[in-house]
Every structure is written in structure tokens, then in C-alpha cells.
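This is what each chain is made of:
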Amino acid sequence: MADTLQLDLVSPAKLLMSESVGMVVVPGIEGYFGVLPDHMPLLSMLRPGVVSVHAGVSDAPAKQFFVDGGFAEVNPDGCTLLVDEAIAIEDLTADNIADRQSAAEERMQSAENDIERAAAERALLVAEEMTSAMAGAAA
Amino acid sequence: MASLKDLRIRITSVQSTKKITSAMKMVAASKLRRAQEAAEQARPYAQRMESMLGNLAAGAVGQDGAPALLSGTGKDGSHLVVVMTANRGLCGGFNTNIIRSARQMIRDLQAQGKSFKIFTVGTKCRDNMKREYADYMVGHFDEFGRTVSSFAEAEHISQTVRAMFDAGDFDVCTLIYANFVSAMTQNVTRQQVIPFPIPEVDEGDDAATGGGYEYEPSDTEILTDLLPRNLAIQIFRALLENGASEQGARMSAMDSASRNAGDMIDKLKMTYNRTRQAKITTELIEIISGAEAI
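Which chain is which? The protein sequence lines are A and B, in order. Final position of the first sequence in my numbering is 142; the numbers increase by one with none missing. Final position of the second sequence in my numbering is 1614; the numbers increase by one with none missing.
No lab work stands behind these hints: they were computed from the structure. One thing to keep in mind: the hints can contain errors.
Going by beta-carbon spacing under 10 Å, a handful of chain A positions derived as facing chain B [to be verified]:
1) V13
2) S14
3) V28
4) G31
5) L39
6) D41
7) N78
8) I90
9) E93
10) E132
Beta-carbon label-pair distances, calculated as ranges [unchecked claim]:
11) T1416(B) with R120(A): 58 to 64 Å
12) N99(A) with R1330(B): 32 to 38 Å
13) D6(A) with Y1456(B): 37 to 43 Å
14) A106(A) with T1416(B): 40 to 46 Å
15) L1410(B) with D41(A): 37 to 43 Å
16) D62(A) with H1476(B): 39 to 45 Å
17) Q112(A) with H1476(B): 49 to 55 Å
18) Q1511(B) with A63(A): 43 to 49 Å
19) R1420(B) with D117(A): 40 to 46 Å
20) N1407(B) with A63(A): 38 to 44 Å
21) F36(A) with A1483(B): 48 to 54 Å
22) G1394(B) with E115(A): 52 to 58 Å
Predicted model only: the values in this text are computed from it and were never measured. Every residue, glycine too, gets a C-beta built ideally from N, C-alpha and C.
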């Protein structure tokens, strides 16, 4: 059994990460799941949350990214994460999140139809998840 | 024969043209670097998205209730052609090539008796297409970034296209844009985006037919989310490729324009010096023959 898997983290703007890692924990739509080498093939949607990259199963996360949703494709050799936006956890700042939160709330107020309201709701959820992600990183 | 003064004026004017074209070349070169970087960085996402969707689609196609973006409307009688060019000219054959390909495609569609609509991106193709096909134009977008397009712009186009598709305005959608290869080479590409072109799959390969995958939440739900996003991504990629191609085309066009101007200056200078020399010689002969006559 291979002891690493190939992780590709890509956003529309660029390829953020492409390396061999020991384990990655991904925020799936139905809950966080860990991916180890030789995982069964899986396609999952992602919810806003934190992607943790570990060098080994028992190691502390080497890198953490906040992602705001997207897709994960897992096969035995690796894991591809297609995300809309990924921010390294250490780059999250309280100001930034507060800005997003107020922008999302404003959008919520001015939303004229269900589609806009849903988009605003999502933006709000992203901001909330960011806050808890930052709290988690600080702890 | 042109007088010395005329020649002088022409030389100065060609010199200033050369200054302008070489400045434009420099600007295009630096923009090209940024645009190319953006285009190259967007490629992995678009490619992986396509292969992911390919896996998924191979399993889902033919099923009842497969999203229309994937399986199409079952007809191909009416087409939407999305033509993408630049907002500005002076970039060699860039705009012309794309427009020519679009016209060709439209003529082919007409020959096959299919109806078509045109959506233009970039002012150059709107102005050009308006002359002949004004009645078929259904939309236009030209507020994209001067160097690098943002995803929001692609999203905007994609939403417009999707709204038209949902309203049943067309069955097949094709993008026409220039794929960036290098500063010298740009390939005009026609890419069908609706319905999603399902890649040929190897029958024996279980994973490739989508059979081996587990879905979370379910394959149709993922598809309904993935397909619109894929459309936006493909448009985004087309915009970025086009942006890089435009700058590349402009850079090489301006490079050859500067070189031509240089050649022209050399020739004009030669004529200028010859004329000047001829004038001096004539004056000398006049003086000498005048002196001899005395």
C-alpha cells in the first residue's frame, strides 16, 4: 500500500497545492471526512470549512486552508479538491471576516428574489464558518 | 521628386509612429506576462473539472431526469454561438481570425438549415457582426478586464446564457475564442459547452464509466451543481485564454510594425541624403560654370 496520496487543491484562479501528503481531512457536505491513501472512489460536494493536510495520520495538521465550498474527487491514488476560494488559515483576519459578514448581511437586506437570498445566505454561512475556523486555529 | 522639406516631415512622422508602436509592444509584453500567467493558472481547474464531470456524466447520461445541461434538449435545431474577441484592435489578425471562424460556422449552420443566435463578447465582434447579422444578435458583453478577466465576469455571461437555455431559446451552445499557445501562435477554437460533450470512455474501465464512484449526496445533486459551474469555468477559461492571445497577438503585430517603420526610416533617410547631395552638386556646378563664363 502506498503511504502517501497526491493532493491537488485548485481554485479557478490557480493551482494552490499539488503534493504528496499522508492524510487530508475535507469538509464534505455530509460532514468532515478523512482521506487516506487507497481510499475508495468518491465524489462529494464540499461545504464551507477547513481542509487540513497532515503528513501522517497521527501528526498535527501541517497546513490548513479555509475553503468556501466546491467539490472533492477521491480515488485510490489521490484527492482533487476543486474549490471556489481557498485561504490559508493563518491569513484569515478578524477584520476581513467582519467585512464579509457585513457585506453578506447587506446583500441579505437588499435581496429581491430567492436566488439572491440564497446567495446571501451562503455568504453569511461562509463568514460564520470562517469565524469558527479562526477560533479553532487560535485555540 | 519630393523636396527635402517633405522628406524631413515624412521621416519625423514615421519616427513618431515607430515610437508609438514600440511603446505599445512594451505594454502588450508586460500585459501578456500577467494574462498568460492567469490563463495558465486557470487551466488545471478547468481540466480537472472537465475530467471529473466526464466521469460523472458517463454514468448519468441516458438516465431519466438527467439535467438538460448535460443531455441537451434532444434536438440540435437551434444554436447559440458565443463569439469572443477583444475590445480593442491593433492586434494583428486576432479579431479577424475569430470573426472569420464565426462567420464560417454561421454559414455552415445556415447551409444545414439550422437556426442560430449570436452572443457577442467584446466590442470588436459586435461591431463586425452587426453589419450582417444584426437580427440574430441576442446579447452582448464587453465589460471585462483590460488585462485579466475576473471570475465574476464569466459568471455573469454564464448566467445570461443559462437563462436563455432555460427559456428554451437554443439547443446547442458553442464558444468561439482563441486558445493561447504562444505569443506568435493563437488557435481559434470552437468549443461546445451545452450540452456537455461527453468524452469517449473505455468500456472496460470501471472507474472511467462512473460505476466505481460513491456519491455524496447523490450523483444527480452533484451534477445539477457541477454543470452550471462547469459552464462558468469554461467561459472563464475562454476569457483568460482570449485575453492572453490578444496581448500576444498585439505584441507580435506591434513588433513587426516597429520593424517595418525602422526599415521605412532607413529608406527615407537614404533618399533624403541622396537628394541633399544632388542639390549640393547642382549648386557647385552652377557656381563653377558661372565662374568660367566670366
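Structure-based check of each hint:
1. A cut of 10 Å between beta carbons decides the hint on V13(A): the least distance to chain B is about 4 Å, and the hint holds.
2. Contact between S14(A) and chain B, as hinted, is supported at the beta carbon level, the nearest pair being about 7 Å apart and thus within 10 Å.
3. For V28(A), the interface hint is violated, since its Cβ never comes within 10 Å of a Cβ in chain B; the closest pair sits about 15 Å apart.
4. Interface restraint check for G31(A): the shortest CB-CB distance to chain B comes to about 6 Å, inside 10 Å, so the restraint holds.
5. Because the smallest distance between the Cβ of L39(A) and any Cβ of chain B comes to about 15 Å, over 10 Å, the interface hint for this residue is violated.
6. Among the interface hints, the one on D41(A) is violated; its C-beta lies about 13 Å from the nearest C-beta in chain B, farther than the 10 Å criterion.
7. Hint on N78(A) holds. Least Cβ distance to chain B is approximately 7 Å, under the 10 Å limit.
8. Taking 10 Å as the C-beta contact cut-off toward chain B, the hint placing I90(A) at the interface is violated, the least distance being around 15 Å.
9. At a threshold of 10 Å, the smallest CB-CB gap from E93(A) to chain B is about 22 Å, leaving the interface hint violated.
10. Annotation: E132(A) was flagged as interfacial toward chain B, and the flag is violated, the nearest CB pair being 18 Å apart, outside 10 Å.
11. Against the hinted window of 58 to 64 Å, the Cβ-Cβ separation of T1416(B) and R120(A) comes to about 45 Å, which falls outside the hint.
12. Look at N99(A) against R1330(B): about 59 Å separates their beta carbons, and that is not inside 32 to 38 Å.
13. In this structure the supplied range 37 to 43 Å is violated for D6(A) paired with Y1456(B), their Cβ-Cβ distance being about 59 Å.
14. About 43 Å separates the C-beta atoms of A106(A) and T1416(B), a value consistent with the hinted range of 40 to 46 Å.
15. Roughly 56 Å separates the CB atoms of L1410(B) and D41(A), a value that falls outside the hinted 37 to 43 Å.
16. As the Cβ distance of D62(A) to H1476(B) is approximately 43 Å, the hint placing it in 39 to 45 Å holds.
17. Range check, Q112(A) to H1476(B): about 22 Å between beta-carbon atoms, so the 49 to 55 Å window is missed.
18. Between Q1511(B) and A63(A) the CB atoms are about 45 Å apart, so this pair conforms to the stated range of 43 to 49 Å.
19. Our hint of 40 to 46 Å for R1420(B) and D117(A) holds, since their Cβ atoms are close to 43 Å apart.
20. At roughly 50 Å, the beta-carbon separation of N1407(B) and A63(A) lies outside the given 38 to 44 Å, and the hint is violated.
21. At about 35 Å, the beta-carbon gap between F36(A) and A1483(B) misses the expected band of 48 to 54 Å.
22. Restraint check, G1394(B) to E115(A): a C-beta distance of roughly 34 Å breaks the suggested window 52 to 58 Å.
Checked against the numbered hints above, the structure breaks hints 3, 5, 6, 8, 9, 10, 11, 12, 13, 15, 17, 20, 21 and 22 and satisfies the rest.
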